[in-house]
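Participant: With these hints in hand, go ahead and build the complete structure from the sequences.
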Amino acid sequence: MPQIAQLADTWSSQVFWLLVFFGITFFVIGKGMVPKVMETVAQRDGQIAADLAAAKAARDAADDQEEAWRVRENENRAAAQAIVTKAKDEAAAKSEKKLKAAQTRIDKKLADAEARIEEARMAALAEVESVAVEAAQDIVKTLAGVKVTKPVATKAVKEQMAHG
Amino acid sequence: MAAEQAKVDPMYQFTIQALGGSDNWELAGYNIAFTNSAMWMLITTVVLFLFVLGGMKRELVPGRWQMMVETFTGFIDNMLEANIGKAGRKYVPYVFSLFMFILFANLLGLLPLGIAGIHPFTFTSHFTVTGVLAIISFSIVLIVGFWRHGLHFFSLFVPHGTPLPMVPVIAPIEFISFMVRPFSLGLRLFVAMMAGHVLLEVLSSFVIDGTNAGAGFGLLVGLPSFILMIGICALELLVAGIQAYVFALLTSLYINDAENLH
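In the order they appear, the protein sequences are chains L and X. Just so we're aligned: 115 in this note's numbering is position 115 of the first sequence, and the numbers increase by one with no gaps anywhere. Just so we're aligned: 91 in this note's numbering is position 91 of the second sequence, and the numbers increase by one with no gaps anywhere.
Among the clues, some could well be false.
Straight-line distance between alpha carbons at most 25 Å, and here's what the computed SDA-like set of lysine to any residue pairs gives [said to hold, decoys possible]:
| id | chain 1 | residue 1 | chain 2 | residue 2 |
| --- | --- | --- | --- | --- |
| 1 | L | 31 | X | 146 |
| 2 | L | 36 | X | 67 |
| 3 | X | 57 | L | 49 |
No lab work stands behind these hints: they were computed from the structure. All figures in this text were calculated on a predicted structure; none of them were measured in a lab.
Facilitator: The following block contains the structure:
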């Protein structure tokens with residue numbers, strides 16, 4: 001086993017050269033190069049984290065804007081709805097007013113017409129009465145030869161007409 | 001025949017040889033010959049450097065190579081954060097170096113470069129090497145522990161909620177298990193790597209000797225051994241990763257003890 005057989009002759013050289021080369025490895029590679037490699041990794045990780053954060057912020061901002069747009073949109077819709085409703089109400093009120101006015105006019109016309117009809121009827125009745133009185137006077141004079149005065153005849157006619 | 005058998009010595013692959021006449025290099029009286037082991041440490045360091053360098057393009061959208069390097073750093077980072085917490089991040093350079101150094105050493109040692117005449121040397125199969133790495137990890141635990149908690153760090157040996165009469169019994173056990181850590185840490189890697197390489201070598205000797213002994217033995221012994229070797233190679237690749245991971249994971253768990261005492 002050379003490890004033991006050569007121990008006395010070689011241990012110092014083994015230890016010396018190991019310290020030399022492991023020392024070079026440690027100070028040049030371990031201390032000099034590895035931190036730079038790790039720094040690069042850390043930089044990249046930082047960059048990725050920053051990019052992710054930026055992307056998230058952008059998404060959040062987009063969400064906020066969409067939300068704001070939605071709110072505004074809803075407001076606009078509500079406002080439009082209100083305007084439509086108001087216009088409808090106004091139109092309804094106006095047409096109602098017009099209808100009322102028309103109704104009033106029609107009612108008045110109707111009332112006038114009725115009044116006129118009533119008047120005409122009264123006039124006609126009065127005419128019929130006077131005609132009937134004259135006719136009664138004539139009939140009585142012709143049949144009985146009695147001269148009936150107008151007031152008496154009128155009274156008789158009125159009585160008869162009142163009974164139908 | 002005897003000479004051929006000696007060639008497939010399963011332990012020969014662990015032999016350390018000085019390269020380029022550096023046998024007698026010395027530093028303060030200690031031999032520091034530049035060996036094949038040191039050579040593969042150098043290769044591991046260079047390959048690891050090139051690997052990580054490919055991940056240094058620092059592009060926002062990473063390419064495959066950069067992605068691969070970042071996967072490894074992220075893996076270590078996650079492991080430390082899961083085991084230690086936020087305070088674990090400062091150990092990423094050390095644990096990353098440890099994990100990748102062991103991983104690359106294990107994997108490079110498995111490369112079939114022997115075909116090209118280059119013999120890979122797996123230096124993680126030497127306990128002198130794994131032991132030093134374990135001692136470094138253990139020292140970090142001790143230094144961090146005493147730095148952050150002072151002498152209060154000794155309360156590590158008294159688990160939370162231990163009844164007072166049990167303390168004299170529990171504390172020595174905890175102390176021993178604590179002191180065993182560097183040994184288990186170093187030996188685990190060393191044994192796993194050595195065992196795998198020895199197994200492959202033994203199986204390859206079956207293939208060679210069986211085939212040399214004739215077509216019948218070749219089919220009966222050599223072929224199944226060869227098929228088994230292919231499977232074991234895949235297993236060894238897995239072990240290479242797992243052992244590096246275990247080393248790094250245990251190191252981070254031990255550091256957690258020191259960082260967040262109970």
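Participant: All hints are to be evaluated individually against the structure, with a verdict given for each.
Facilitator: Do the hints match the structure? See the list:
1. Between the alpha carbons of residue 31 of chain L and residue 146 of chain X the distance comes to roughly 23 Å, so the proposed pair stays at or under 25 Å and holds.
2. Restraint check for residue 36 of chain L and residue 67 of chain X: the C-alpha separation of about 14 Å stays at or below 25 Å, so the hint holds.
3. Distance hint between residue 57 of chain X and residue 49 of chain L is fulfilled; the C-alpha atoms sit about 21 Å from each other, no more than 25 Å.
Going down the numbered hints, you'll see the structure goes against none, and every one checks out.
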